[in-house]
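*Asks:* Read off the chains here:
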Amino acid sequence: MKAKKHSSGNAPLPLNPMLLLWLLPLAFLGVFYFYPLGNILQLSLFWDDQNALAAFWSSLTSAAAGNALKFTFQQAALSTLFTLILGLPGAYLFARYQFKGKSMFRALMGVPFVMPTLVVAAGFNALLGPNGWVNSLLIELFGFSSPPIHFINTFPAIIIAHVFYNTTIVLRLVGDFWSHLNPRLNDASRVLGASPWKTFRTITLPLLSPAIAAASLLVFIFDFTSFGVVLILGGPQFSTLEVEIYYQTISLFNLPMAATLSLLQLACTLLLTIAYTQLSKRMSRALPLSARGRTQKTLRSWKEKLLAGLLILFLLSFLTLPLAALASRSLIDLSTPSGSPPRLTTTFYQALTRQPQQALFYTPPIFALRTSLLYAGITVLLGLALGLPAAWALSREDSSPLNQILDPLIMLPLGTSAVTLGLGFIVSLDRPPLNLRTSPLLLPLAHTLVAFPFVVRSLTPALKSIQPRLHRAAAVLGASPFQVFRQIDLPLIGRALIVSASFAFMISIGEFGASSLITRPENPTVPVVIYRFLSRPGALNYGQAMALSTILMLATLISMLTMEHFRMGDIGEF
Amino acid sequence: MKEIRIIGLLILSTTVLLLASCAPGADQEGLPPSDPADQVLTVMTHDSFAASQEVIAAFENEHQVKVQFLEVGDTGTAVNKAVLSRENPLADVFYGIDNTFLSRALEADIFEPYQSPYLDQIDEKYQLDDDYRVSPVDFGDVCLNYQKAYFEEHDLNPPASLEDLTRPEYQGLLTVENPATSSPGLAFLLATIGHFGEDGYLDYWQKLVDNDLNVVNDWETAYYSAFSQAGGTYPIVVSYGSSPPFEVIFAEEELSEPPTAAVVENESCFRQIEFVGILKGTQQRELAEHWIDFMLSPAFQEDIPLNMYVFPVNKNARLDETFQRYLEIPDQTAEVSPGAIAENREKWIQAWTETVLR
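Going down the list, the protein sequences come from chains A and B.
Residue 1608, in my numbering, is where the first sequence stops; the numbers in between run on with no holes.
Residue 734, in my numbering, is where the second sequence stops; the numbers in between run on with no holes.
Same shape as in the complex, but just chain A (with noise of 0.2 Å):
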């Protein structure tokens, strides 16, 4: 391989083409995440005149940060287990079979992802409340006295929402890689005797397992430092890191306490992902891909017909029936004098649209949905822009001492206090030619540096697989590195980078980042407006709130469709 050759070869090269891959992430990551991090960090250490030293080993001693860190850690393992266990059949499921509305089911998964925690907690509540559909059922049944079914605050529901939440990041990078697994290994393996429980643990589990290691580790971290989850659905009972920097931070202004605590949670983060790269680096090889056209196959046997069926029925119920009771909830007014019984109603829709006692920060939804739109488009770009070179860079040369470097750092965006982050920005970007406090353009920004290491790592594990005696053919028959890239890795990728940009877009468009940011209130995004209707009295806010959470929950359905639709451009997909 040629950058190999440069390395260790006596010609100097002008510049590294390393370092020229890594140029605009690192650039990228460095103004908008490292320096007003460590800028906040450190004003927040030495916030009080005291030894910041002593103040700093209290805090990371404390029982307080003790109790918080292994909470955190108990429930994100948990929760990884269950959207592991949820996940891969149904990966198994979208990667080898052919089946009708496949892009309509894969789609509708992915809209939990985006929805804005106090609208999940709300769907919840309209299921398994204590007046929830399946309560009422089971009362409605059994005569019970008392709704048997206690759900909201307690430790299964933090857990049952982060699967709900992420199983989708593993039905997606699971799956796609697994559509390109050459099934013809399988096949000689059971030619040779091997039963389908040995074939699947000796040869699909190892081949698969750079791909499970990368959702795992996003689903874990994204776990690992969970807010909302915890916060609403879990109650006052619990508390994680992020939980805990949050009360610190806001309620009691102990920023020296918050900055270790945020620190600790960074350490965790990093500590894992240099476990995750040690790990990765084992496990992947070079595979020979194939399209998916040739490793999928159609539903034949009844058996396979009800099997798949009963996955994929199980998969919906649990991932849209939370939405579905939610969106029930903007169509039913439940506030009706006793006695009478809920009636069906359009009135929410009519008043989003209606402008309010001529209210200045009053935004029709279209305007809203169109902000919202138009972030996540940037995201979608800036992250794909940044991400692909970082990705391809690390896909290149794994003893890259650079790449050793720089492979764990990209996670910890995905591991940072959102809270410690939007003060940083306070704190850093205040002046030309970053003068960003106030601006727009900041909110994409931050979700961008969310959906970077997302980007990243759904593209790395299809990069990495792609055979070096390609490039190497593809070169002796006198292609231009450009054109390698374009007739063989694109191709190749196609289907990731699909994946990923999905991911980016998911990622801006639920983001409810008003709270650690500050927003222009002209122009909120829907994630803010719904806040705006949720955090006041009044069946006509509620109403409002999830009838609004149903457009999104709709924009995000149609975006997705659109997405998965979408090939690249005459290439094809491969």
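Honestly, the hints are just simulated from the structure, not real lab data.
Among the clues, some could well be false.
Unchecked claim - Cβ pair distances, simulated, as ranges:
#1 B:Leu532 with A:Ser1351: 38 to 44 Å
#2 B:Glu711 with A:Pro1466: 56 to 62 Å
#3 B:Asn464 with A:Ile1183: 38 to 44 Å
#4 A:Asn1085 with B:Asp499: 44 to 50 Å
#5 A:Asn1101 with B:Glu574: 37 to 43 Å
#6 A:Phe1401 with B:Ala433: 16 to 22 Å
#7 A:Gly1100 with B:Asp485: 33 to 39 Å
#8 A:Gly1177 with B:Glu630: 32 to 38 Å
#9 A:Ala1061 with B:Glu630: 57 to 63 Å
#10 A:Ala1061 with B:Lys501: 51 to 57 Å
#11 B:Glu711 with A:Ile1183: 41 to 47 Å
#12 A:Ile1400 with B:Asp586: 48 to 54 Å
In this text, a Cβ means the ideal position worked out from N, Cα and C, and glycines have one as well.
Go by the hints and put chain B onto chain A.
*Replies:* Relative to the frame of chain A, chain B by itself:
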């Protein structure tokens, strides 16, 4: 060399993308639409701020200025941001700090004193800073709310005091917010401290726990999930004194009277007072003073309730009719001074957590 070329291409395309993505942002940030003046007054506030267009437009026209609002999160977050940016302030004016956070800002010394002539029209009990660094704008009471229908159906008297809640007939009926994570939750904890004193409030909470108290982390969950009015199972909730009239104004269909009521008797509420102040380092001191005067004047004061669900402090401001009819404002609230809150907040919340959640 070919590798360099493709990398150059990537960088170029990324730069183009970056620039392209800047365009819509710049376009929103640039010129204020069709404004007569090029002066801009920036007002930093929390995410519950709202007002009527015409009221703000009147100020803009009178002073030939464009008012730019910045929303910076909930009250606590907003105060933190104002404190952390004190070296290079984000705005000219900060509105929305309340008496539970006031000391944090005064200690950090982020405000310039200004004595507005309108302070004469405001009761002295709202003027908590003797140095005029902040001026009171509005107040809201955090009180128990109950669903009327539940008490009619169960032939039970609604609670009339904090003490009532410990009685057996109210077992398992109350839901409250966690004072560590919720502003009304903290206000209600302060109400019990003001009412029972530092020596008595923990005993009271122990009795509430024994009476099957429910605790959630945020107002939204308490009001829209736990409270029976919106589909939960608890007919008593900690909310605002103004919540009942809003149940009428924002009803799905017209109501003749609110389905809920607030308990305002017997010193059972805590009053949150919100303030406005001029941020140190402003280049527009004079305009900022005009803005403070404006916020305290009847024109803005009368606009407050229907937008922000809190009440004017100016005696000359008149309330909307719906409000007059359904609003109950407590004569006497439980009181705790901002200084005492700042000093004891952590201790009180921790003691509460030990008693109620462990």
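*Asks:* Look at the Cβ atoms of Glu711 (chain B) and Ile1183 (chain A) and judge whether their distance stays inside 41 to 47 Å.
*Replies:* holds, 43 Å
*Asks:* Using the Cβ atoms, figure out if Ala1061 (chain A) sits within 57 to 63 Å of Glu630 (chain B).
*Replies:* Because 59 Å falls inside the window, the suggested range holds.
*Asks:* Is 44 to 50 Å respected by the C-beta to C-beta distance linking Asn1085 (chain A) and Asp499 (chain B)?
*Replies:* Once the Cβ atoms are compared, 45 Å apart, the range 44 to 50 Å for Asp499 (chain B) and Asn1085 (chain A) holds.
*Asks:* May I ask you to test the hint 56 to 62 Å on the CB atoms belonging to Glu711 (chain B) and Pro1466 (chain A)?
*Replies:* violated, 47 Å
*Asks:* Hint says 38 to 44 Å; check whether the CB-CB distance for Leu532 (chain B) and Ser1351 (chain A) agrees.
*Replies:* Check passed, 40 Å falls within 38 to 44 Å.
*Asks:* Within 51 to 57 Å or not, the Cβ separation of Ala1061 (chain A) and Lys501 (chain B)?
*Replies:* Between Ala1061 (chain A) and Lys501 (chain B), where Cβ atoms are some 55 Å apart, the hint holds.
*Asks:* Range first: 32 to 38 Å. Now tell me if the beta carbons of Gly1177 (chain A) and Glu630 (chain B) are that far apart.
*Replies:* Distance hint for Gly1177 (chain A), Glu630 (chain B) holds at roughly 37 Å.
*Asks:* Taking the CB of Asn464 (chain B) and the CB of Ile1183 (chain A), does the distance hold inside 38 to 44 Å?
*Replies:* violated, 52 Å
*Asks:* Do the beta carbons of Asn1101 (chain A) and Glu574 (chain B) sit within 37 to 43 Å of each other?
*Replies:* Roughly 27 Å apart at Cβ, these two residues miss the hinted range, so it is violated.
*Asks:* Could one say that the CB atoms of Ile1400 (chain A) and Asp586 (chain B) fall in the range 48 to 54 Å?
*Replies:* holds, 52 Å
*Asks:* Is it true that the C-beta distance of Gly1100 (chain A) to Asp485 (chain B) lies inside 33 to 39 Å, as the hint says?
*Replies:* Taking Cβ atoms as reference, Gly1100 (chain A) and Asp485 (chain B) lie about 35 Å apart, which means the hint holds.
*Asks:* Regarding Phe1401 (chain A) and Ala433 (chain B), is the given constraint of 16 to 22 Å on their beta-carbon distance met?
*Replies:* holds, 20 Å
Figure legend: structure checked against the earlier numbered hints; hints not met, in rising order: 2, 3, 5.
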